[in-house]
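Q: Residue numbers (this note's numbering), protein chains in the order written: chain H, 11 to 174; chain X, 40 to 538; chain F, 125 to 455.
In short, the hints are calculated from the structure, not lab data.
Model, not experiment: these values are computed from the prediction.
There could be a bad hint or two in this list.
What the hints assert, rightly or not - Simulated DEER-style distance windows between Cβ atoms: (1) 174(X) - 167(F): 25 to 31 Å; (2) 199(F) - 102(H): 55 to 61 Å; (3) 57(H) - 174(X): 30 to 36 Å; (4) 424(X) - 400(F): 40 to 46 Å; (5) 397(F) - 427(X): 40 to 46 Å; (6) 174(X) - 375(F): 50 to 56 Å; (7) 92(X) - 361(F): 33 to 39 Å; (8) 454(F) - 80(H): 44 to 50 Å; (9) 285(X) - 36(H): 35 to 41 Å; (10) 311(F) - 166(X): 29 to 35 Å; (11) 424(X) - 36(H): 19 to 25 Å.
Virtual Cβ for every residue (Gly too), placed ideally from N, Cα, C.
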Amino acid sequence: MKGQFIKKYSGLITGTSFALFAIAYLVGSLFIRRNKAISIGAEFIPELYGSILLFLAVCLIYQGIKAAKDFVPGEAEAGTKKDTKNVLLTFALIIAYVVLMQLMGFVFSSILFLVLMSMLLTPTDTKRNYLALVIYSVVLSVGTYYLFRNVMYIPLPVGIIFGA
Amino acid sequence: MESLIIGAQAILNPLCMLMILFGVTLGIIFGAIPGLSATMALALFLPITYSMSPVAGVVLLVSLYIGGISGGLISAILTRIPGTPSSVATCFDGYPLTLKGQGPKALGVGIVYSFIGTIMSTVVLIFMAPLLAKVAINFGAYEYFAVAVFSLTMMAGLSGKSLVKGLISGFLGCIFATVGMDSIGSVQRYTFGSTQMMSGFNILPVLIGMFAISEILITAEESRHAAKMETIKVDIKGIKGFGFSWKEFFEQKWNALISGVIGIGIGILPGIGGGVANVLTYGVIKNRSKYPEKFGTGVIDGIVASETSNNAAIGGALVPLLSLGIPGDTVTAMLLGGLTIQGISPGPLMFTEHVDIVYAIFLTMIIGAVAMLFIEFYGLRVFAALLKIPKYYLLPGIFLFCVIGSFGVSNRMFDVWTVLLFGAMGYVFNKLEIPGSPFILGFIIGPLMEINLRRGLMFSQGNFMPFLTAPIAAVFLVAALVSIALAARKNIRNMRKTA
Amino acid sequence: MRKIGIILITVMLIASLFTGCAASGNPAPAASTEAAAKWPDKKPFQIIVPFKTGGDTDFHARTYAKYLEPILGTSVVVVNVDGANGSAGSIQVRDSKADGYTALFFHDSMLMNKVVEVSDFAHEAFDVAATGIMDNSYILAVNAKSPYKTLEDLINAAKATPGKLNYASSIGGYTYYVGRQLEELTGTDFNIVDAGGGTDRNAALLAGKIDTNVNPYGIMKPYIDSGDFRVLAVFSENRSDLFPEVPTAKEQGYNLIAHRAYFLSFPKGTDPKIIDKVSAAMEQVSKMPEYATDIAKAYSVEPAYMNTADTKAYLDGAMKEFEAAKDMILK
Chain H
11 MKGQFIKKYS GLITGTSFAL FAIAYLVGSL FIRRNKAISI GAEFIPELYG SILLFLAVCL
71 IYQGIKAAKD FVPGEAEAGT KKDTKNVLLT FALIIAYVVL MQLMGFVFSS ILFLVLMSML
131 LTPTDTKRNY LALVIYSVVL SVGTYYLFRN VMYIPLPVGI IFGA
Chain X
40 MESLIIGAQA ILNPLCMLMI LFGVTLGIIF GAIPGLSATM ALALFLPITY SMSPVAGVVL
100 LVSLYIGGIS GGLISAILTR IPGTPSSVAT CFDGYPLTLK GQGPKALGVG IVYSFIGTIM
160 STVVLIFMAP LLAKVAINFG AYEYFAVAVF SLTMMAGLSG KSLVKGLISG FLGCIFATVG
220 MDSIGSVQRY TFGSTQMMSG FNILPVLIGM FAISEILITA EESRHAAKME TIKVDIKGIK
280 GFGFSWKEFF EQKWNALISG VIGIGIGILP GIGGGVANVL TYGVIKNRSK YPEKFGTGVI
340 DGIVASETSN NAAIGGALVP LLSLGIPGDT VTAMLLGGLT IQGISPGPLM FTEHVDIVYA
400 IFLTMIIGAV AMLFIEFYGL RVFAALLKIP KYYLLPGIFL FCVIGSFGVS NRMFDVWTVL
460 LFGAMGYVFN KLEIPGSPFI LGFIIGPLME INLRRGLMFS QGNFMPFLTA PIAAVFLVAA
520 LVSIALAARK NIRNMRKTA
Chain F
125 MRKIGIILIT VMLIASLFTG CAASGNPAPA ASTEAAAKWP DKKPFQIIVP FKTGGDTDFH
185 ARTYAKYLEP ILGTSVVVVN VDGANGSAGS IQVRDSKADG YTALFFHDSM LMNKVVEVSD
245 FAHEAFDVAA TGIMDNSYIL AVNAKSPYKT LEDLINAAKA TPGKLNYASS IGGYTYYVGR
305 QLEELTGTDF NIVDAGGGTD RNAALLAGKI DTNVNPYGIM KPYIDSGDFR VLAVFSENRS
365 DLFPEVPTAK EQGYNLIAHR AYFLSFPKGT DPKIIDKVSA AMEQVSKMPE YATDIAKAYS
425 VEPAYMNTAD TKAYLDGAMK EFEAAKDMIL K
């Protein structure tokens with residue numbers, strides 16, 4: 011039922027979120043330092059963009075209301091079940107990875123990330139080959155670290171813990 | 040002709056040939072891996088050229104440039120993740136073709152038209168550079184403002200089903216580009232007092248996020264359900280040559296020509312670059328097509344538009360660099376740095392004082408393009424075989440490179456966080472059916488419009504009239520109006536049709 | 125259950141890898157004085173350039189690095205951390221460990237950034253080592269087709285038509301400050317416009333969109349050589365040896381000096397012994413003739429070394445000058 015509700019008012023919800031964003035952006039433009047030397051200052055263009063976005067958001071809301079009126083509740087789409095939980099897990103893992111990188115350095119966090127991420131993405135019915143996975147993760151992490159840090163001098167984070 | 044011989048003498052030696060081969064190959068690799076880009080390849084190798092001879096150095100850099108811009112098509116077509124900003128639009132029709140099992144054909148088209156784009160722009164560069172430079176120099180703030188406004192109207196053409204959603208995407212692009220130090224008075228905007236935010240969002244992490252990370256998240260949505268994860272079947276044995284017929288080749292001649300011209304034009308104008316060329320050209324070709332509704336489902340026209348224009352932009356960008364000493368984007372800025380360090384200052388005397396360098400560049404572009412054609416042709420089978428790697432290995436690996444690539448932009452973690460932010464945004468866009476390509480246009484062109492509007496007003500001391508009375512500016516503003524009118528008419532018609 | 129086991133094994137594997145590395149790679153840090161005496165101890169010395177690869181700052185840092193390597197006996201790695209007009213890189217160095225292996229290569233813009241409120245600190249947040257190059261090649265040029273032959277011609281024309289002659293510079297940048305100084309000094313009023321960076325301004329001057337602008341000689345060199353631009357003055361004490369035909373502004377009766385020092389600085393708290401060692405090495409480089417040739421060829425500047433005390437005094441002086449002119453710069 012909940013899915014149906016979101017579907018019915020999707021235009022309305024999206025439009026309202028963008029409208030709120032536009033208003034926040036416009037309010038933010040009030041805090042831009044004014045400069046008298048230049049005829050139109052740094053705040054002018056943000057004000058313009060903000061207003062346009064607000065207008066577009068209102069259009070979207072209008073379309074959304076119309077669509078909601080004409081909405082015919084249909085059958086839930088069969089077959090393609092979207093796994094939102096997995097998306098959130100993936101994103102959380104990515105964030106954890108970046109945080110961890112600053113603490114433990116590139117190599118360690120990357121190995122951990124590659125292993126866990128692959129496990130998240132592997133289809134449920136596929137038999138996992140853990141040995142291959144670990145080898146893949148270690149080789150890729152250590153290899154790229156060596157290549158980019160020691161050969162191309164990109165100072166990838168070594169981390170606080172091991173960075174002595 | 041004499042100059043050509045001087046140039047040939049400079050580069051027709053084993054060392055330079057090896058340099059071209061090495062540069063193009065490495066460029067393709069950097070281009071093909073999402074996260075790494077042509078810009079990064081040049082940044083990494085620029086310091087190494089400091090200790091080379093001027094000719095060898097410039098040959099290496101130009102080869103990396105050509106390979107890097109072209110290489111992006113491989114991952115764009117095979118995985119829907121563009122390898123570089125220059126091949127975003129290649130995904131739109133390239134990936135659907137791969138899904139249909141015609142991946143090698145899509146790759147073949149991309150490779151051939153990358154080659155054609157490079158050669159077209161090289162010819163223009165050789166024969167028309169000084170002339171075009173004279174035209175380009177007359178572009179001041181008023182003219183650039185008008186060009187920017189005209190380019191922004193292309194957002195409509197890229198909008199897809201809903202015009203409103205397309206425009207929202209475009210203006211969000213403009214909005215996110217305003218974050219950071221204002222380009223004229225260094226005024227801080229939306230930085231929330233953070234120094235990291237002051238430099239704003241760099242285009243590369245933004246694009247990596249929008250197009251690569253969001254793709255990984257979308258895969259995560261379906262990956263658990265094995266039925267959807269069948270590896271795409273690619274028939275490698277069945278392909279002959281580049282996988283498409285002469286008939287198809289000739290059908291694309293106008294598309295290729297128009298895309299090439301637009302690419303060269305965008306390349307010449309400083310500040311736009313290949314990142315916009317491919318998206319903008321895609322919009323133009325789609326608009327003039329007899330079957331615009333098929334775009335995005337896997338027609339080769341879309342690949343032709345994107346790949347011809349992004350490589351054509353290379354030659355275009357070299358026009359103001361060599362004849363005026365003006366770099367149009369980060370890549371040409373690095374080339375300028377590389378030349379300056381060798382004691383060669385591009386400018387009015389470049390074509391008389393440094394004929395050897397100039398023709399070495401021309402010849403490198405031609406030989407480099409041929410090398411690219413062959414390397415990618417023979418690599419085709421290897422690339423297609425990469426698809427056999429299961430996605431649950433491939434995508435985490437790609438993410439690793441995205442992190443390295445975005446970190447390497449400025450060697451700071453902030454850009455990695457930028458990738459995450461825009462990755463989440465790209466995913467939400469996808470859910471809401473908001474197209475991503477207008478966003479790129481807004482993100483790159485928005486600042487260009489603003490800075491030139493404000494510069495122009497400084498020149499005219501607050502008077503708006505010169506924007507309308509400068510002839511070139513007026514032409515582009517009128518064109519912008521026409522473009523808006525056409526989009527509006529089309530939209531109204533569509534509404535009637537659906538109503 | 126099996127999953128957990130695998131993760132455990134992975135973690136252990138990695139851990140063992142790291143302990144291995146730590147044992148061989150990084151010897152335990154000894155007492156700090158001892159470490160300072162041994163510095164650089166074959167460990168790579170990292171110089172942060174707060175701009176992108178390919179610019180003037182990057183070039184000067186890399187040229188220095190090339191000649192410093194054999195003297196210091198270790199690899200000198202240049203890393204570009206750009207953003208916020210140099211502030212992002214400065215912050216990174218300010219916050220890194222004061223062990224002498226990370227240093228910042230920057231110039232006067234560090235001070236200007238504080239004045240225009242882009243950053244909230246300047247050289248006082250660092251331990252300054254030494255200045256390697258003093259760029260005093262700032263010149264004022266006009267299009268060769270213009271009627272102005274001397275600085276006085278230009279000033280007189282500006283006086284006759286106040287607010288009409290276009291002087292190009294980025295608002296809040298160093299050449300903006302120079303232009304404002306010129307206005308104050310001569311009682312003229314230019315129309316100060318933004319026409320992009322140095323190379324963009326060349327095009328604008330060539331097309332006659334702007335009337336004049338101030339830039340380091342190296343940036344305008346191609347157009348000066350081709351005869352498109354005419355140089356009216358160089359803003360230095362004495363004429364340059366590299367372009368002796370250009371008169372100084374001073375000898376034309378306008379006492380205006382412009383310069384920019386490229387200096388190396390360390391995070392606060394770095395051992396003075398290390399700083400002395402680096403400064404001495406930099407002095408050695410500045411005396412090398414091949415070094416002078418390199419920088420003259422690329423940017424038309426001459427080496428100029430200033431030791432730690434002089435650099436500090438120079439920066440303090442410059443900061444005072446900028447602070448005093450704050451209203452003028454921010455107008």
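Q: Could one say that the CB atoms of residue 57(H) and residue 174(X) fall in the range 30 to 36 Å?
A: 35 Å, holds
Q: Quick check: does the Cβ-Cβ distance between residue 285(X) and residue 36(H) fall within 35 to 41 Å?
A: 56 Å, violated
Q: Against the range 29 to 35 Å, how does the distance between the Cβ atoms of residue 311(F) and residue 166(X) compare: consistent or not?
A: 51 Å, violated
Q: Per the hint of 33 to 39 Å, is the separation of the Cβ atoms of residue 92(X) and residue 361(F) within bounds?
A: 37 Å, holds
Q: Within 25 to 31 Å or not, the Cβ separation of residue 174(X) and residue 167(F)?
A: 54 Å, violated
Q: Can you tell me whether the CB distance of residue 397(F) to residue 427(X) sits inside 40 to 46 Å?
A: 59 Å, violated
Q: Range first: 55 to 61 Å. Now tell me if the beta carbons of residue 199(F) and residue 102(H) are that far apart.
A: 40 Å, violated
Q: Using the C-beta atoms of residue 454(F) and residue 80(H), is the stated range 44 to 50 Å upheld?
A: 57 Å Cβ-Cβ, so the 44 to 50 Å window is violated.
Q: For the pair residue 424(X) and residue 400(F), does the Cβ-Cβ distance stay inside 40 to 46 Å?
A: Given a distance of about 59 Å, which is not inside 40 to 46 Å, the answer is violated.
Q: Using the beta carbons of residue 424(X) and residue 36(H), state whether their distance is inside 19 to 25 Å or not.
A: With a Cβ separation near 52 Å, residue 424(X) and residue 36(H) fall outside 19 to 25 Å, so the hint is violated.
Q: Does the beta carbon distance between residue 174(X) and residue 375(F) stay inside 50 to 56 Å, or does it fall outside?
A: 41 Å, violated
In terms of the numbered hints stated before, the structure departs from hints 1, 2, 4, 5, 6, 8, 9, 10, 11, listed from lowest to highest.
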